[in-house]
Amino acid sequence: MAQAPAVAKPPKVPRRRSATPRRLPYLLIAPAGLLMLGFIAYPVISVFYYSLQNYNVTKPWRNGYAGFDNFKRIFTEDDQFWSTLGFSAQWVVTQVVLQLLLGLALALIVNQSFIGRGISRAMVFSPWAVSGVLTSTIWILLYNSSTGFSRYLADAGIGEYGTSLLSDTGTVFWAATVAELWRGVPFFAILILADLQSVSKELYEAASVDGAGRMRRFFHITLPHLRDAIVLATLLRGVWEFNNVDLLYTLTGGGPAGETTTLPLYVANTGIEGHDFGYASALTTVAFVILLFCSIVYLRLSKFGGDQK
Amino acid sequence: MSAALAVKNDGSSAGPSAAEPPPPRVRRRRERSFDETPRWQLYVPLGIYLIFTLIPFYWMFLFSVRPAGSTSLVPWPMTDDHFSKVWNERSFAIFFQNSVLVGVCTLLTTTLVALAGGYALARFRFKIKTPFMLALLCSQFIPGALLLVPLFEIFKNLQMINSLGSVIIAETVFQLPLSIILISGFIRNVPPSLEESAWVDGCSRFRGFCLVVLPLLRPGLIAVGSFAFVHSWNHFLFALMFLSEQDKQTIPVGLNTLIGADSVDLGALAAGGVIAAVPVVIVFAFIQKWLITGFSAGAVKG
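Chains as they are written, first to last, in the UniProt record's numbering: chain L, 1 to 309; chain Z, 1 to 302.
Quick caveat, the hints were computed from the structure, so don't treat them as lab data.
Among the hints, erroneous ones may be present.
Stretch-level coverage of chain Z by chain L, calculated; a stretch enters the list once three of its residues show a Cβ under 8 Å from a Cβ in chain L [as the list claims (entries may be wrong)]:
1) 89 to 96
2) 266 to 278
Subject to a maximum C-alpha distance of 25 Å in a straight line, what follows is the list of computed DSS-like cross-link-like pairs (lysine-lysine) [what the hints assert, rightly or not]:
3) L:K59 x Z:K156
4) L:K201 x Z:K289
5) Z:K85 x Z:K289
6) Z:K156 x Z:K248
7) L:K72 x L:K59
Only a predicted model underlies this, so the values are computations on that prediction, with no experimental measurement involved.
Where is the CB? At the ideal position from N, CA and C, for every residue including glycine.
One chain only, chain L, in its complex shape:
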């Protein structure tokens, strides 16, 4: 993009092919590059900048350079930071592990050939297309105490009337987890199923001839083949689960009693409802660094892409 604009186009035909390609790639990535500079890079930089500022719309007399005060406050005074970070970690690990296991099992099942495979695939993958808000909508209908499924279970003599899974601190985590699994498992299943298509049939046949059973073939052929896909999917999903606030915001609102407030939800509350944008920016910066650090460690430990090149 720092490239000189294409002022004079050489009229000679033979030169065109050798001359354009040098500029062409820059022209092609320019729209994407500019959009990302303006609407991702610039906001990120401004977040870094404001993290060193006192910036609060409701207290303009205090605005100004703050040095590392915001960060000091995070690590020494802010209990809510640690509790929300802890909940975020718990949420991400639970989601990613369960989604991976269920998604892998589901992909292996619908990769077999059986009658009704196409329609089964379509049906089990369909929650992938459903939004966080819609997931909340559906599970609020299922969980609510007066007409949710607990009422019908109580009619049948199981459990008690008036059970509200979302307002009980003991059940809210698993209630939210099941709702998120419902829409999250298909993501893994789709990615893993896609990668399963490229496992070589000859390998399986050779292994069968050598007497390897189904379990051994799974652990020695299928799983190693899927490794990179699994590493990438778990990483992307982990980051996504960390960042995504749709579901918890609409399903539990971070409650009851702040029990399900993740770090991004806390940041959003601080910045948008609390108007303390400087402090929210510092929290964002910390969250970003933690995320980056965890991702790098994860990629190193899993030796991602180790086989190639």
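Starting from the structure of chain L, add chain Z where the hints point.
For chain Z alone, kept in the frame of chain L given last:
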């Protein structure tokens, strides 16, 4: 193209047996029964998972059509009270229009911009290629939710608050990195020699791309385009923050309003949910076959 896809889809199961001549029939049968998962190990877990997947959909449908006060588990007698209430009184008609507009515009801009960027990454070597790739990957880690406040200020300065354009831009931007990576993977799978032979025949680079490469990208474009549409249809935070006037809001924001109402009207909420679900589920039903091939082609290593 669709024939090639069909072969690829069924290749896992029907391919070999259809191609082989009959003689080794006995041996093959034994091999297959040795290889195959017992049917019950397949159908039982699949059935359980199907129940888990489908009951929530059924539950929403049930609530949306049964009259208020009914506790029947069968959707009969049906009523359209909840739908007409949500569609007319709770402005879902307007939300629906807005969501379609945002979805279609995001689809078009994302696909076009990602095609250009993906082509550059797949076909050229240039100085900032590696930094650009790195930026695409890193941007995956940047939470859109945490950039809401600076984004809000940017759009305020551009005077785009309460215009659907702000949401379209924001959705496009956050959809771009993955789309570019996916599309460049698809383009890399098209042999450059195909394009080069078109140039030899006198096509310009652009014409050659349109005539030769574009038709082969169909599964990839379907995957990327449907991603963009579904995501922008579903995404909630940008619309919630940037659009405060009611006649500009989108379906997810409308749903959130229904959830947050003082006394939640479950029938209306369910009807709103059905309205939100129908378009994406239809899109999904059509694309899911391409989704698998799309991913496997896009994720080719290298």
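Do the hints match the structure? See the list:
Here's how the region 89 to 96 of chain Z fares: 0 of its residues keep a CB closer than 8 Å to some CB of chain L, so the rule of at least three is not met and the hint is violated. Counting residues of the region 266 to 278 of chain Z whose beta-carbon sits less than 8 Å from any beta-carbon of chain L gives 7, enough to reach three: the coverage restraint holds. Restraint check for K59 (chain L) and K156 (chain Z): satisfied, since their Cα atoms lie roughly 21 Å apart, inside the 25 Å limit. Restraint check for K201 (chain L) and K289 (chain Z): the C-alpha separation of about 21 Å stays at or below 25 Å, so the hint holds.
Annotation: proposed proximity of K85 (chain Z) to K289 (chain Z) is violated, straight-line Cα distance about 36 Å (limit 25 Å). At roughly 16 Å between alpha-carbon atoms, K156 (chain Z) and K248 (chain Z) fall within 25 Å of each other, so this suggested pair holds. For the hint pairing K72 (chain L) with K59 (chain L), the CA-to-CA distance comes to about 20 Å; that is within 25 Å, so the pair holds.
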